[in-house]
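Build the full structure now, drawing on both the sequences and the hints.
For reference, the chains in residue letters:
There are 4 protein chains.
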Amino acid sequence: MARVLRLGRAELRVLDLDKSVDYYTNVIGLQETGRIGESVFLKAWDEYDHHSLILTKSNSAGLAHLAFKVQSIDDLAYYEKKIEEFGCTTTRVTNQTRLAEGEAVRFILPTGHVCELYHEIELLGTAVGTKNPHPWPLGTKGIAPHRLDHLLLTGDDLKTVTRFFVDVLGFGQSEKVVTEGEEELVGSFLFTTNTAHDIAFVKGPDAKLHHAAFGVDSLHDVFKAADLLSMYEVPFDVTPTRHGISRGQTIYFFDPSGNRNEAFAGGYMAFADMPTITWDASKIGTGIFYHRRELSESFQKALT
Amino acid sequence: MARVLRLGRAELRVLDLDKSVDYYTNVIGLQETGRIGESVFLKAWDEYDHHSLILTKSNSAGLAHLAFKVQSIDDLAYYEKKIEEFGCTTTRVTNQTRLAEGEAVRFILPTGHVCELYHEIELLGTAVGTKNPHPWPLGTKGIAPHRLDHLLLTGDDLKTVTRFFVDVLGFGQSEKVVTEGEEELVGSFLFTTNTAHDIAFVKGPDAKLHHAAFGVDSLHDVFKAADLLSMYEVPFDVTPTRHGISRGQTIYFFDPSGNRNEAFAGGYMAFADMPTITWDASKIGTGIFYHRRELSESFQKALT
Amino acid sequence: MARVLRLGRAELRVLDLDKSVDYYTNVIGLQETGRIGESVFLKAWDEYDHHSLILTKSNSAGLAHLAFKVQSIDDLAYYEKKIEEFGCTTTRVTNQTRLAEGEAVRFILPTGHVCELYHEIELLGTAVGTKNPHPWPLGTKGIAPHRLDHLLLTGDDLKTVTRFFVDVLGFGQSEKVVTEGEEELVGSFLFTTNTAHDIAFVKGPDAKLHHAAFGVDSLHDVFKAADLLSMYEVPFDVTPTRHGISRGQTIYFFDPSGNRNEAFAGGYMAFADMPTITWDASKIGTGIFYHRRELSESFQKALT
Amino acid sequence: MARVLRLGRAELRVLDLDKSVDYYTNVIGLQETGRIGESVFLKAWDEYDHHSLILTKSNSAGLAHLAFKVQSIDDLAYYEKKIEEFGCTTTRVTNQTRLAEGEAVRFILPTGHVCELYHEIELLGTAVGTKNPHPWPLGTKGIAPHRLDHLLLTGDDLKTVTRFFVDVLGFGQSEKVVTEGEEELVGSFLFTTNTAHDIAFVKGPDAKLHHAAFGVDSLHDVFKAADLLSMYEVPFDVTPTRHGISRGQTIYFFDPSGNRNEAFAGGYMAFADMPTITWDASKIGTGIFYHRRELSESFQKALT
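Chains as they are written, first to last, in full-length UniProt numbering: chain Z, 1 to 304; chain Y, 1 to 304; chain L, 1 to 304; chain W, 1 to 304.
Since the hints were derived computationally from the structure, they do not count as laboratory data.
Do not rely on the hints blindly, as some may be mistaken.
For identical chains, the list gives no copy identity; a pair is met inside one copy or between any two copies.
To be verified - Derived EDC-like pairs (lysine to aspartate or glutamate); straight-line CA-CA distance at most 16 Å:
no. : residue 1 : residue 2
1   : LYS131    : GLU180
2   : LYS19     : GLU38
3   : LYS283    : GLU233
4   : LYS81     : ASP167
5   : LYS131    : GLU182
6   : LYS159    : GLU184
7   : LYS82     : ASP167
8   : LYS131    : ASP280
9   : LYS131    : ASP46
10  : LYS19     : GLU32
11  : LYS159    : GLU182
Pasting the structure below:
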């Protein structure tokens with residue numbers, strides 16, 4: 001029973017490694033778990049695996065790759081075959097190419113993003129342990145999210161990438177944004193967990209990152225995160241609000257390289273048997289920003 | 001790829017049908033979706049399916065049956081075979097035996113509870129619809145939970161029932177409570193969604209219900225639910241607190257027949273690759289009631 | 001011991017009385033308590049007095065008058081004398097000039113706003129009563145604030161109006177915004193209760209209203225209010241955020257006549273012995289919108 | 001215009017000074033601001049004055065004295081006269097008898113508690129300052145309340161002590177608990193700020209402390225405080241709930257000497273013109289614990 005467990009990691013390209021590590025450890029509040037070459041590995045306090053975020057020094061910001069963890073090592077071959085059948089070329093990334101990771105299957109999404117599937121990764125454990133644990137750890141810094149939550153990417157052909165995630169990887173489509181008469185798909189929200197989205201796409205240039213989202217517990221924590229960003233003088237894109245799509249509570253802001261981050265809480269439980277929720281493209285403002293009811297210019301730009 | 005989607009429904013035995021319907025519609029805030037004989041069918045506003053709760057008139061309170069929804073109609077035969085191989089006898093419940101339901105596979109859990117698997121059920125849709133939806137509906141009553149969340153049952157042989165859920169139904173075990181030296185399993189928390197538990201068992205008499213839990217959004221909503229219960233003079237078992245196990249926020253109270261209900265929010269995301277969290281039986285007080293740090297007598301009794 | 005108890009009422013000019021009453025009763029969630037001529041009287045559920053808001057039909061929106069309730073009937077003469085000594089002319093408004101009100105002392109603030117002091121007003125009581133009360137009432141509509149909280153007005157000479165409130169009415173100044181070298185006072189926040197402001201002034205045209213604020217309980221309720229505004233398609237000025245000044249949580253939006261409203265929660269406790277908090281005019285963006293850290297154009301306009 | 005500003009300080013007797021300072025600085029999260037002899041002085045981060053809590057080594061726990069801050073130095077003589085007229089003997093506590101304090105008027109309340117009025121105390125300022133301040137400081141420890149909020153004391157003659165606070169000190173009575181036919185006053189809640197109580201009395205032995213309450217911001221912070229108490233293994237008296245009286249959200253727990261503490265949030269705004277809310281003694285369970293609706297034995301004992 002092959003199954004994609006979750007978005008396991010994202011590798012972000014950053015312009016200045018020191019500044020970026022400072023930001024992701026002190027403001028976001030992740031823990032550094034290792035370094036190799038010009039890459040730094042980080043995890044959130046409530047994640048078990050060795051890392052969910054990799055920062056790699058580069059000349060431009062953006063997403064170097066994203067990777068989904070699958071339920072068993074055998075799933076690699078299972079999905080490899082399905083991906084090839086879909087028409088994507090796959091390669092194997094060997095064990096320990098990056099720190100603490102096992103083998104991975106690598107391929108290019110129809111939207112041009114580099115994607116991997118993997119199962120093996122070193123287990124470090126959460127900050128509260130697995131023996132009579134406390135509900136949260138003392139001494140965290142900054143926003144201290146529970147986990148990497150989801151990515152929003154841009155691409156040109158959203159129908160094909162949606163078909164890839166649904167048919168090949170077994171995702172569900174929780175929500176979609178369509179132009180009049182459903183002629184064009186301009187937003188597609190896809191899930192493999194029971195959250196409203198593990199990955200999503202909006203119409204735009206191929207191979208670009210719109211944002212990487214970290215999961216926090218509640219509206220209160222989204223608001224506390226917003227306060228912290230002002231204390232640390234981090235530039236906001238979007239101050240606290242609710243999404244129509246997903247119903248979640250949110251803020252958007254930028255890392256030192258210009259990669260957009262989100263702190264996200266809430267949202268409904270998605271199930272494989274749910275009908276896809278449909279938004280008219282003319283209502284996308286309300287779908288994205290339920291209160292403001294219109295897209296800001298900045299939110300539509302600033303892709304990395 | 002067979003998969004159990006969720007706890008789809010619970011059928012509770014109630015002593016007085018009118019009083020019970022009044023309570024579950026006005027205080028809990030479910031919607032009545034149908035009646036047949038001495039059974040009333042209800043759904044929460046955020047559920048798509050025709051019902052998740054059935055109230056059936058009886059001479060004693062308790063759980064008549066629980067049922068899990070599977071991903072496809074073919075999964076019935078798949079699991080039927082596995083259940084039989086495990087050593088449980090299965091029968092088929094025919095289409096429309098109850099209102100709006102398709103066929104089901106029926107069997108007895110190792111703890112004596114009547115359990116079903118099903119796929120088909122009439123789709124009614126949520127209160128906010130699937131077209132440019134608002135995040136929540138106006139005009140709900142009472143606690144207005146999003147959904148039936150989980151059940152806690154009692155039974156004698158928790159090792160076997162855990163093995164059944166893990167090996168046969170593909171659940172994960174998020175947490176367990178064990179006596180010294182892990183000699184005996186006295187609590188077992190099992191999940192098929194990404195919540196900390198979809199069903200759980202504690203050591204006790206076979207075939208009994210400890211509680212049925214409804215899912216609300218946040219601590220704020222748990223607290224509002226508690227206020228409402230006082231306004232409606234519903235008897236409390238446990239006032240607002242946090243669980244150590246699951247980390248969720250909770251209150252417990254009783255329906256007019258003495259069936260224990262819970263309003264539950266929060267909790268971590270569970271994944272199939274998480275290690276099982278272990279609680280020493282000597283710490284079960286903290287595991288269940290993180291603040292009080294000891295079990296109340298009432299919580300250990302009042303099984304139906 | 002004369003003392004100003006609170007901002008007791010505001011009279012808003014509205015363009016369409018029916019639309020305005022519909023908005024203030026169903027969206028804001030006030031209760032209509034009387035009508036006389038082209039004026040409608042309203043109170044919040046947690047206020048004891050007959051009304052705190054009066055809507056009066058007019059050809060232009062804005063503030064017709066504001067009024068503070070004083071502790072005893074003798075305080076009218078006490079303050080009357082002090083106001084005259086300050087250099088403002090006072091008149092007496094006779095009993096029952098408006099519905100349910102006793103006599104008032106009327107005068108013009110140095111910023112040109114019509115202001116009254118009063119003690120007598122009919123007591124209606126809160127929605128939960130004074131005998132073994134529940135903490136909140138069932139069946140409220142809309143935002144359902146606890147009370148009228150404060151007003152923000154504009155004016156040219158903020159030093160004089162501040163001196164008036166401090167020296168004549170015994171208010172404290174909790175916060176001020178000053179240009180470089182404290183040359184000019186461009187914002188002044190004044191309190192007579194223990195909240196961060198009961199009335200405030202920002203530099204601008206005389207006799208204008210910036211907003212009328214209603215008090216809700218918590219960030220959660222501010223956010224719920226924001227959701228409701230989207231459901232009712234009320235135009236927002238500012239979506240949920242925190243103030244630097246007062247530390248409160250806030251949203252701004254417009255009534256059908258264009259009068260700006262605020263739903264406000266939180267803020268520190270102000271005491272008569274607190275030093276005045278000072279904001280540099282160059283930091284006023286952060287002072288007003290702690291997250292966005294800059295004033296929007298719309299927030300600086302739309303005075304009525 | 002004499003006026004009592006607030007409960008300015010409480011001096012608690014503690015059995016072990018080191019343990020107590022550790023608890024009040026690390027678990028409660030106050031800041032130590034000075035030591036003299038066997039007394040340690042502490043303030044909350046959001047208080048301006050030098051201290052609000054004094055811990056003094058003693059052979060028994062309890063309240064050594066409580067003190068109210070008055071608006072001006074002249075108020076000392078004003079109240080001194082009124083107190084003497086009421087029939088209480090006053091003495092003057094000279095400047096610097098304790099650290100950082102000016103002169104005080106000392107007297108015994110009708111319930112036997114030692115009480116002082118003062119105006120002068122050294123100003124230290126809050127942790128966020130008064131120049132373009134952030135809304136809250138980074139780096140606080142433990143519960144980190146904003147301020148000392150109120151005291152609940154026990155005494156025999158509540159009518160007389162109420163009359164003292166209302167007639168002599170100008171307090172209002174927000175709520176009262178009375179036996180059938182209002183024959184006896186068994187609970188009295190009194191305010192001088194706009195909070196529901198600055199000091200309260202319940203029927204019991206004279207000169208005893210029921211609890212000292214610290215003010216936090218919200219239900220969320222009460223709950224976070226409860227989590228912290230479990231992490232630090234502090235004994236609870238009452239886990240999170242709502243008060244009927246005051247409507248506030250609350251937890252009760254014990255300091256290392258057995259003095260009961262409360263973390264308190266919310267509650268309505270009290271005004272001098274509010275009618276007194278009345279609770280029947282038979283409803284006191286609901287009045288104190290709105291969810292549980294009955295008093296626990298422990299809550300009625302454990303006076304210090």
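Hint check results:
1. LYS131 x GLU180: For LYS131 and GLU180, only the inter-copy Cα distance (13 Å) is at most 16 Å; the intra-copy one is 54 Å.
2. LYS19 x GLU38: within (13 Å within a copy, 48 Å between copies)
3. LYS283 x GLU233: between (32 Å within a copy, 13 Å between copies)
4. LYS81 x ASP167: Cα proximity of LYS81 and ASP167: one copy only (13 Å, versus 27 Å across).
5. LYS131 x GLU182: between (51 Å within a copy, 12 Å between copies)
6. LYS159 x GLU184: within (8 Å within a copy, 52 Å between copies)
7. LYS82 x ASP167: For LYS82 and ASP167, the Cα distance is within 16 Å only inside one copy (9 Å; across copies 26 Å).
8. LYS131 x ASP280: Answer is between; shortest inter-copy Cα gap is 8 Å, intra-copy 48 Å.
9. LYS131 x ASP46: Close inside one copy (14 Å), not across copies (35 Å); limit 16 Å.
10. LYS19 x GLU32: Within. Shortest intra-copy distance 13 Å satisfies the 16 Å Cα cut-off; inter-copy 35 Å does not.
11. LYS159 x GLU182: Classified as within: same-chain Cα gap 11 Å, cross-chain 52 Å, threshold 16 Å.
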